[in-house]
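Number of protein chains: 4
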Amino acid sequence: MSTADTTPSAGPSTHALPGYHDTKDAQLKRLRRIEGQVRGIARMVEEEQYCIDVLTQVSAATKALQAVALGLLDEHMSHCLVQAVATGGEERDEKLREASQAIARLVRS
Amino acid sequence: MSTADTTPSAGPSTHALPGYHDTKDAQLKRLRRIEGQVRGIARMVEEEQYCIDVLTQVSAATKALQAVALGLLDEHMSHCLVQAVATGGEERDEKLREASQAIARLVRS
Amino acid sequence: MSTADTTPSAGPSTHALPGYHDTKDAQLKRLRRIEGQVRGIARMVEEEQYCIDVLTQVSAATKALQAVALGLLDEHMSHCLVQAVATGGEERDEKLREASQAIARLVRS
Amino acid sequence: MSTADTTPSAGPSTHALPGYHDTKDAQLKRLRRIEGQVRGIARMVEEEQYCIDVLTQVSAATKALQAVALGLLDEHMSHCLVQAVATGGEERDEKLREASQAIARLVRS
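Protein chains in written order, with the working numbering: chain Z, 1227 to 1335; chain C, 1227 to 1335; chain V, 1227 to 1335; chain W, 1227 to 1335.
Since the hints were derived computationally from the structure, they do not count as laboratory data. Hints may contain errors.
As the list claims (entries may be wrong) - Think about it this way: if two alpha-carbon atoms lie no more than 25 angstroms apart in a straight line, the pair counts; the simulated BS3-like pairs of lysine-lysine are:
hint, chain 1, residue 1, chain 2, residue 2
1, V, Lys-1289, W, Lys-1250
2, V, Lys-1289, C, Lys-1289
3, C, Lys-1289, C, Lys-1255
4, W, Lys-1289, V, Lys-1250
5, V, Lys-1289, V, Lys-1250
6, C, Lys-1289, Z, Lys-1250
7, W, Lys-1289, V, Lys-1289
8, W, Lys-1250, W, Lys-1289
9, Z, Lys-1255, Z, Lys-1289
10, C, Lys-1289, C, Lys-1250
11, V, Lys-1255, W, Lys-1289
12, Z, Lys-1255, C, Lys-1289
13, Z, Lys-1289, C, Lys-1250
Extracted from the complex, chain Z is given alone in its bound form (with noise of 0.2 angstroms):
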């Protein structure tokens, strides 16, 4: 458990630190490398390189960005949601239909 007994955070929620706290730099260094991806897009669409092969940059950095949010709803539903349900009533509520509503979105993006 990654989640503050001590500070109660401002914020969308109750906890000060969120769910990826412990995994923070791993996340960090996926993010890096698929902004360097996005880069490289760019790159080959300034030099006009043959759009198949831009195409398979853009699905790697899609599914790249997809690992990225799966992992960060794991940390979340280990932290902020177990927390959540540990507190209960109105607050576990909350978290569970936004946990719901964010899956929805991933399924959907």
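Please arrange chains C, V and W on chain Z, whose structure you already have, making use of the hints.
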């Protein structure tokens, strides 16, 4: 038609210009916006913002990448594929196979 | 099979009823409509209807299946997962892992 | 090429046979298998089987539907689209637009 005015081209195809030649600036603009989105997501993670807010941005960036892919594919079909069909023979079959595979990667990513 | 009709269940979970127990009729109704959609698509193919019209119906059926999946997942989280978190320990960890894997399969399908 | 040169069909396009004419039996077989999968999922829900097991089958049926769609699209491009490009003019532009829209629906479903 944006295909080869000048040199017969080396590379994976027989045309010198990619299908997206005429919309290159628009594609580049979108890709740079997506690069900024991904950098923004990294910043959110750096600042330990709330998981669900990060996920919302990841979904938005994924959708934006898909829109770029659909745009590139549309241009590819209208230009490169149309030209390959006019050429006929092995060139046509190869370009059809290639397009089908790119679409499958896109649908599955 | 983890669901028991009588006894409080052996199997991968400690509850006798699935998360969708209360919305079972609605889920069944949606699934039967989708079964009808798929049968309708087969009929279109049988009658050699136009490819694009068939594809439109395949996309609609795919979206309807995704909606069922999101509904089931939502119920699963609100009931089975919440209960497993209350139970704690290995049961909680197992259910979280299982839910993450189900979400990943859904996002990638 | 399965497209009819002889009778100029009624219907949304100028060809008499759909792109999947030659692979019709294979497509029908897949669709009937999917219909069976969906009926199986309804039975699982009827029997109140475990949520995650139901979700696994829904993901499998979704993937199978996508495979049908990719197969139909491939045949459509190799036959109907190729023929429309040969015809040229408005017919070509209309078929390209239509294919792009079908691909977009598929990617977003």
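Here's how the hints hold up against the structure:
1. Pair hint Lys-1289/V plus Lys-1250/W holds up; C-alpha atoms about 24 angstroms apart against a cutoff of 25 angstroms.
2. Taking the CA atoms of Lys-1289/V and Lys-1289/C, the gap is about 16 angstroms. The hint holds against a cut of 25 angstroms.
3. Distance check on the hinted pair: Lys-1289/C and Lys-1255/C sit about 15 angstroms apart at the alpha-carbon level, within 25 angstroms; holds.
4. Of the supplied pair hints, the one linking Lys-1289/W and Lys-1250/V holds, its CA atoms being roughly 24 angstroms apart against a limit of 25 angstroms.
5. Restraint check: the Cα-Cα separation between Lys-1289/V and Lys-1250/V comes to about 19 angstroms, which is no more than 25 angstroms; the hinted pair holds.
6. Pair hint Lys-1289/C plus Lys-1250/Z holds up; C-alpha atoms about 24 angstroms apart against a cutoff of 25 angstroms.
7. With a C-alpha separation of about 12 angstroms, the suggested pair Lys-1289/W and Lys-1289/V falls inside the 25 angstroms cut-off, and the hint holds.
8. Distance restraint check for Lys-1250/W and Lys-1289/W: the Cα-Cα separation of roughly 19 angstroms lies within the 25 angstroms cut-off, and the hinted pair is therefore satisfied.
9. Between Lys-1255/Z and Lys-1289/Z, the direct Cα distance comes to roughly 16 angstroms. Compliance with the 25 angstroms bound is thereby established for this hinted pair.
10. With a C-alpha separation of about 19 angstroms, the suggested pair Lys-1289/C and Lys-1250/C falls inside the 25 angstroms cut-off, and the hint holds.
11. At most 25 angstroms may separate the alpha-carbon atoms for a hinted pair to count; Lys-1255/V and Lys-1289/W meet this at roughly 21 angstroms.
12. As the CA atoms of Lys-1255/Z and Lys-1289/C are separated by approximately 21 angstroms, the hinted pair is consistent with the 25 angstroms bound.
13. For the hint linking Lys-1289/Z to Lys-1250/C, the alpha-carbon distance of about 24 angstroms falls within 25 angstroms, and the restraint holds.
In this structure, none of the earlier numbered hints is contradicted; all agree with it.
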